[in-house]
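**Q** Protein chains in written order, with my numbering: chain A, 1 to 343; chain B, 1 to 346.
What the hints contain is simulated information worked out from the structure, not anything from laboratory work. Keep in mind the model is a prediction, meaning the values are calculated, not measured. Certain hints may be false.
Stated by the list, open to error - Taking lysine-lysine pairs in the DSSO-like style, the calculated list, with each CA pair at most 30 angstroms apart, reads:
(1) A:K340 x A:K280
(2) A:K245 x B:K340
(3) A:K15 x A:K280
(4) B:K340 x A:K340
(5) A:K340 x A:K4
(6) A:K224 x A:K59
One letter stands for each residue in the lines below.
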Amino acid sequence: MKNKSMEFIKEGIKKRRQRWILVTGILTVLACIFSCMMLLLGNTIYPLQDVIRALYGEKIPGVSFAVTTLRLPRMLAGLFAGFAFGVAGHTFQTMLRNPLANPNVIGITAGSSAAAVFCIVILHTSNAVVSIASVIAGLLTVLIIYILSRGSSFSIGRLILVGIGIQAMLNAAISYILLVGAEQDIPAALRWLSGSLNGSQMEELPSLIISVIIFSPVIILLGKRLSMLELGEQAATSLGVHTDKTRIALIVSSVIIIAVATATTGPIAFVAFLAGPIAKRLVGVGLSNIIPAGLVGVNLVLASDLIGQFAFDVRYPVGIITGLLGAPYLIYLLIRMNRKGDL
Amino acid sequence: MSSLTDLAKQQRNAYLPQYLTIVLIISFILLIVSIVSSLAFGSRAVGWNGLIEGLFHPAIDSYDANVVRQRMNRTIFSLLCGVALGVSGALMQAVTRNPIADPSILGVNTGASLFVVSGIAFFHISTSEQYIWFALAGAMITAIFVFGIGSMGRGGATPLKLVLAGAATTAALSSLVIAIMIPRSYVMDQFRFWQVGSVGSASWSSISTFLPFLIIGLLVGIISASALNALALGDEVATGLGVRTGLWRLAAAFAGVILCGATTALAGPIGFVGLLATHVIRLVLGSDQRYIIPISAITGAIILTISDVIGRLLGSPGELEVGVVTAFTGAPILIILAMKAKVRAL
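Could you build the full structure based on these sequences and the hints that come with them?
**A** This is how it looks when you write it as structure tokens:
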């Protein structure tokens, strides 16, 4: 009898692991396909060999410029920012046990955006400074929201309300900076309001790539503890998790990657919000969803950018497409949560 | 029974008017201050003499006097818009029985924006009379939608549910707004001037377009005040007191949406004035709608006009949209309310 139930459980674990591997594999393949499409497609479609030769550094008139200066940075920015948004969004949603509590809704990305806009438009600082400033601003925003929403007893509802208030102020600050700054054209403004990969440059990328490579493994390694945290404070403690330390490590790492990503691409709407729930749907519960969530983020950003670039007569920035996809889902989620009485 | 009502009357007479007079005096002084500063300050400050010449001596044709006359439109318009937004916030809060209801938080402003943009893009509207009807339709539909989502499920429309429904709807609609705008440069151009959320472009014609809506909204709002007082006790009690709850709630909501829709149509989206105006009043005067509604009209006018002046001073030599200023002063109120709220009530 005991053996049978053990086998049943083992069977389940095995099935879930297989499903995780399958989903992750498919997502990776999709991400590769989208990345290649980002490099191949454009105003002119160059033959595959030319593109590959240009990537290896050969100088081919026309091709080299289009591929290495325009399309490669765009693809890399989308790839790493998408991963960062997905991973960080998922971490927040899991830690706070509420899909609505993601960096977009509670105003963390708005904090990073405001700092980035201030550095770029007013101070004209270098890219490294922009990244550092937006990381600090993101952490500060988290701290302020946390302090303000602590009150007599902590509640996610209060956290979200406070976050929305902070976000309104930060967005006002962004409009003010864009207005005071010299001849800022509308595309730049749109980039900071909804996120865009247009005009991504190689020089902006190193800080994004480095921070994602350093800090997403941290989050992935903490994944098991994150799943335990999801069980609740007491359960996690009795399973041997230092809840406070783990939480701080997770928050700091997530804020760092999301802030740097925001400083590079602008706050691409809803990716951080959508990636986690989609990954959960695909993988199911039980295994850590961090890597799938990151991959879903990558696919969302790259696919939306491709749609934005080529599906219509006009080129839309990626944030508009993700916004149009994400907002109805948010409304659907709200309706479902309200019906179930979760709010 | 009669002694009870007597007692109630005595109590009301005993304590409300005392604060009421003080509040009225203070707000009157502030109103004068805001009007004078709105006339005097800007990219060129005008002194006393210019002010008096411009206002009372139509014959004098000095530079300063003309500047003051130019600023007249703007001042009157911002006062009227402030009245509309203040009353609209008070009505929405009373109808939803919810302290954080405000046109901008509920997404009603963005709904109006979307309809105006669609009007410019697909129906080639260009005058303020046309804007106003599109904005009203958009405001109305969005208000119904957001309130519908927010009041689903257990506990009715709690602040958290309403705010989230409003935020989600705002996000969805503003993506649509930008998506409509990007391919059409002429829309972008026209819309940009409207979107600025400013009272600076006011002309006499826009004021006269605005007035009928303002008057209707105000009248309905003031008439429904005592019914709203009964509604605050809960639907059952209100019905027991002989109030037709459905009718009055609909009327008050309608007035609130008309007021903010018309303002949005002419001035662009301006947020948080309703929140700010009513909560200052509620702190002092308690929760009697018969006082809150008319006095939030005055505080709304003061807040919007002073915010406009601040925007002009901060943004000089250009100017800062008044919506930015009100977001900065109004959002903290939302945060304070969230901090004070009991967890259960969220």
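**Q** Each of the hints needs a verdict: does it hold here or not?
**A** Outcome of the hint check:
| no. | hint | verdict |
| --- | --- | --- |
| 1 | A:K340 x A:K280 | 19 angstroms, holds |
| 2 | A:K245 x B:K340 | 29 angstroms, holds |
| 3 | A:K15 x A:K280 | 16 angstroms, holds |
| 4 | B:K340 x A:K340 | 26 angstroms, holds |
| 5 | A:K340 x A:K4 | 36 angstroms, violated |
| 6 | A:K224 x A:K59 | 47 angstroms, violated |
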